[in-house]
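Below, each chain spelled out in residue letters.
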Amino acid sequence: MTKMHIKLTVNGEPKEVLAEPRELLIHTLREQLNITGPHIGCETSHCGACTVEMNGKSVKSCTVFAAQANGAEITTIEGLGTPDALHVLQRAFREHHGLQCGFCTPGMITRAHRLLQENPNPTEEEVRFGISGNLCRCTGYQNIVKSILAAAAEMNAMKEAAE
Amino acid sequence: MNEMTSPTREERAAKLKGLGCSRKRVEDVRFTQGKGNYVDDVKLPGMLHGDFVRSPYAHARVKSINTEAAMAVPGVLAVLTAKDLEPLSLHWMPTLAGDKQMVLADGKVLFQGQEVAFVVAENRYAAADGIAAVEVEYEELPVLTNPFEALQSDVVLREDLDPAAAGAHGPRKHHNHIFLWEEGDEEATNQAIDSAEVVAEEMVYYHRTHPCPLETCGTVASMDKVNGKLTVWGTFQAPHVVRTVASLLSGIEEHNIRVISPDIGGGFGNKVGVYPGYVCAIVASIVTGKPVKWIENRMDNLMATAFARDYWMKGRISATREGKITGLHCHVTADHGAFDACADPTKFPAGFFHICTGSYDIPVAYVGVDGVYTNKAPGGVAYRCSFRVTEAAYFIERMIEVLAIELGMDAAELRRINFIRKDQFPYQSALGWEYDSGDYHTAWDKALKAVGYDDLRKEQAERVEAFKRGETRKLLGIGLTHFTEIVGAGPVKNCDILGMGMFDSCEIRIHPTGSAIARLGTISQGQGHATTFAQILASEIGIPADSITIEEGDTDTAPYGLGTYGSRSTPVAGAATAMAGRKIRAKAQMIAAYLLEVHDDDVEWDVDRFVVKGAPERFKTMAEIAYAAYNQAIPGVEPGLEAVSYYDPPNMTYPFGAYICVMEIDVDTGEHQIRQFYALDDCGTRINPMVIEGQVHGGLTEALAIAMGQEIAYDEIGNVKTGTLMDFFLPTAWETPHYTTDHTETPSPHHPIGAKGVGESPNVGGVPAFSNAVHDAFRAFGLRQSHMPHDHWRIWKTAHDLGLHG
Amino acid sequence: MIPAAFEYHRPADVQAAIRVLQDHGDEARVLAGGHSLIPMMKLRMAELGHLVDLQDIAELKGISVEGATVSIGAMTTQQELIAHEELARVAPILREAALQIADPQVRYMGTVGGNVANGDPGNDMPGLMQCLGATYTLVGPGGTREVAARDFYEAAYMTDREDEEILTRITFTAPTGGYAYEKQKRKIGDYATAAAAVLIAAEGGKVTRASIAMTNLSDVPVHSGAAAEALIGTNCDEEATTAAIAAMLDDIEPTEDNRGPVEFKRHVAGVILARAIQRAWSRA
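Residue numbers (our numbering), protein chains in the order written: chain B, 1 to 163; chain S, 1 to 806; chain V, 1 to 284.
Since the hints were derived computationally from the structure, they do not count as laboratory data.
C-beta atoms are modelled at their ideal positions from N, C-alpha and C, and glycine is treated no differently.
Heads up, a few of these hints could be off.
Claimed, not checked - Simulated restraints on C-beta separations: (1) V:Pro141 to S:Lys63: 44 to 50 Å; (2) S:Glu551 to B:Pro14: 37 to 43 Å; (3) V:Glu239 to B:Lys159: 54 to 60 Å; (4) B:Ala162 to V:Asp163: 41 to 47 Å; (5) S:Asp454 to V:Glu239: 39 to 45 Å.
Same shape as in the complex, but just chain B (with noise of 0.2 Å):
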């Protein structure tokens, strides 16, 4: 089958790589552009693992063709912050013990990324729903959510103190 040439802006870089239309975005990702971050988990858009943010949408990248995301703006785990500069979410997961074995992790930070774009100050309630489509196995989920809030508040009292 021949290859398609696919260009992506991934964490604000332009990407042009050649794939197979059948390609998923998950491997374009993993497998060409070394963006080890998002992870495989079921292959089925059950667990979230894979999930990164295209155009503005928390997605699954195991069920999205490369050939679907061309041209669109990919952000993943690696996008958010810096070794230097880490992301509030990223802090917040450290400080409030939000992961274990690290393999829901990008996809979950990344997914919470989004949800709190929508809503910068969610209930326990509605953190609980908005990260439902991401799997973990560890954490009970107490300590992500416990997480995820104190980055809002964080969020938002740093928005503030900007105003």
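Following the hints, position chains S and V against chain B.
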């Protein structure tokens, strides 16, 4: 020079971030940035991908395998079948349980999803196309999915075994029988029960389920033909054991094999065993001379690797009319699937199931376990528990409830009058264990008080009346559990895996500038070893945890260890860490005394330094001592500051806990809602409360899944009905309740720091707590026993059968 | 789980998409959000040579509310549907239902058109559209036609849509009165064990109009006219509700699956419908 205004002892201790500190995890820095390194992240030049053709049938003869079309698929380089592995004697492999299993189908298949051929290709897309092109001709055979029927059936599942010959654990009484394993005095037990005032009898089924870590199993095998070295990365909970097995199977000398467990995305017992994928990837790498990656997909993971439980436990328990238990009898029919690949210490084919007398002082007991072959996947792993301990805890906690019903007694009170008392420890159980320490009454009373137990019972009684009056369709269940675990396998005298004693190890090197690296034979899968083992060491050697690197999982650098499962890391490797630390300290004492120009006995340890007795202003800190160890010739003392400890535990540890679940049940739809969950854990000395709490939350959620919906279900012809995460229940944040955690602290008397392990307690205790809540809701209407998982339709059926739908 | 190879097309308008379908017959399928189709392709239960991605076709997007007429482009995602305030005002049952579909990520990708067109009996939107009395617009080589949602579904994955047609738009009249979408499922992301869409209009304490449809209780969505009829003229008391349930039970034909056996599903269908009726009535 010693500073004159030195910090206080408390300040110095706090700076160490040692035992008892909720230290933030060092692992999280990379995980939160997406910089973990899991096996599928391993990428080598020229790496190939392998994957399996799997059997669609549960029992069939393999008539032929045609690989011609597959070999013609662009990118496909090889297709391995049993015929290719036979000359290497690798078409079968030994299991951990003394049986053997097929690596690739040898003449027949025995379960759906069994590995039939291994396709090696340039990438995973070509491998998938190759798999689709392999033509396999099957002849279907009768399928046995029920262990009771299997023991009656003429159908022979394992044609490779001589039906008359004994198995690894003694005589076999039928061609589908694996072993009978017994413990306790059956005659005395029967006598006690037959002569008792009250007897309760019940069949308790703990269904087949699966650990299902979010990361599936996988490996990258790389045979370097130039220097003869084989390197294997993989999802291994026991990397050293994998190295030894790989050496024995391949004939490659063990020093030429390097096994690396990189970051592991959850294990829960799934990653203890050795799977055909590992073997085939290694063979394919040897054959092609290139690195070969195999990553299992989720359906394969659920269908083929490592089921857990599947125990039919027939129990009889007896008591006096006042409720004092007099005897316990249990017979288990254990469905082991097609091969006996259970992951237990060699001498324990039913693991530590004989911990099933639980938290209770039961004078006489007997356990008999019949292992049975069926057309289901092999496994029988310890899914977030020590070997078969969840089954045991579920069994006894159900039997207690059933006995309470039989006695017409409150189940909390029945537990209380039968608990092993504090003054009875160390306690010899009727089935041969020596419980190290416990204070069950204190924990129990604390738990009952915390939830307001008496008020809950009143509310429940009122609810029952309201239900009978037609004012509500919801019932209230109060699920009680007091569990006792047995973890930390284990003493080498009776615990081994494939002949390797179940010790564990730690090797420490102190660097000249006063920081350190410690390497262990275990491997974290999310437990946070890099954080918590450094805390143990910080308290032992006075070097801040932040200045200690913990390294695990590389067999070329780590000391030999048996790995991480069965909550054994803290009890065994944690003890090794403390013991190695003490060796460091002993040498440090000599160095300090020399530097301070006093006798060894004239200095004493003080948090992070040795001080001259009676002269606290004269001291040497560990940093000073470390520097001296490398830079100063000390008469009679070798340079350097290093130690290694191989720790053979004198006994297991026995963590315990009291859990209470309050659950609302919708009688009409079978839905449930958890109103409150209180978990009190006693894991002895607490190393990192934050990590403990996280472990409890996670284990409870796995218990919730198992009790309320998660199962590996088969239809009558052996098809797996729950092969994706649509049907295999993993709760989301939405279905998961908020938990309240609590603790008491009863140290283990034989563990160097008194720690017992906690990772598995919440699963062991959680399952009966959830299940008992369901049962308890219906107790007033006559329910004695129903089977897990308590999904909507099963709860609905319970209500229906009790006539609650009018 | 790797899909078989295919050729990818991303036409800019409906006519171009139809031409691809014409050129390749049943070898070609349209791709909307892909969250039903892609998993099937990955399991190799759907193998096709040509995939026609509709994402660039502007005319398939957008929600319009003009007076009482609501029109939803097929490529509108569930998330867009949930976020649309005007729609939530005139037809709140859509938001209530859409929030019960799948999970957040899937709702960002999953489209209303895909949900109604693919004929999966587990999908929620078909029953809802039958309840609303919606009309589907289908465009094919022969032009445009309209089909009532209530006439569209023939069997599981079998609909009135021809291979070369594309479902482009869904239109309905905004309902008045009370509404409810009630769904029992095992967990987030699951299909319904049973789901009910109910619309009730009332005057003077009596039901004047009602509409009832059920999901995942047959190989097609079930619009039960008889069940709705049983409510007319009543105050949705126990007797009326029981009659509606009895009528509905005559129309459904659930099958056993991992959610439970037929007997259970029939019972739950009744309970869910009763709850939906009560909630809709309370809002009427």
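Cross-check of the supplied hints:
1. V:Pro141 to S:Lys63: 44 to 50 Å: holds, 48 Å
2. S:Glu551 to B:Pro14: 37 to 43 Å: holds, 39 Å
3. V:Glu239 to B:Lys159: 54 to 60 Å: holds, 56 Å
4. B:Ala162 to V:Asp163: 41 to 47 Å: violated, 56 Å
5. S:Asp454 to V:Glu239: 39 to 45 Å: Once the Cβ atoms are compared, 42 Å apart, the range 39 to 45 Å for Glu239 of chain V and Asp454 of chain S holds.
This entry does not satisfy hint 4, going by the numbered hints stated previously; all others are met.
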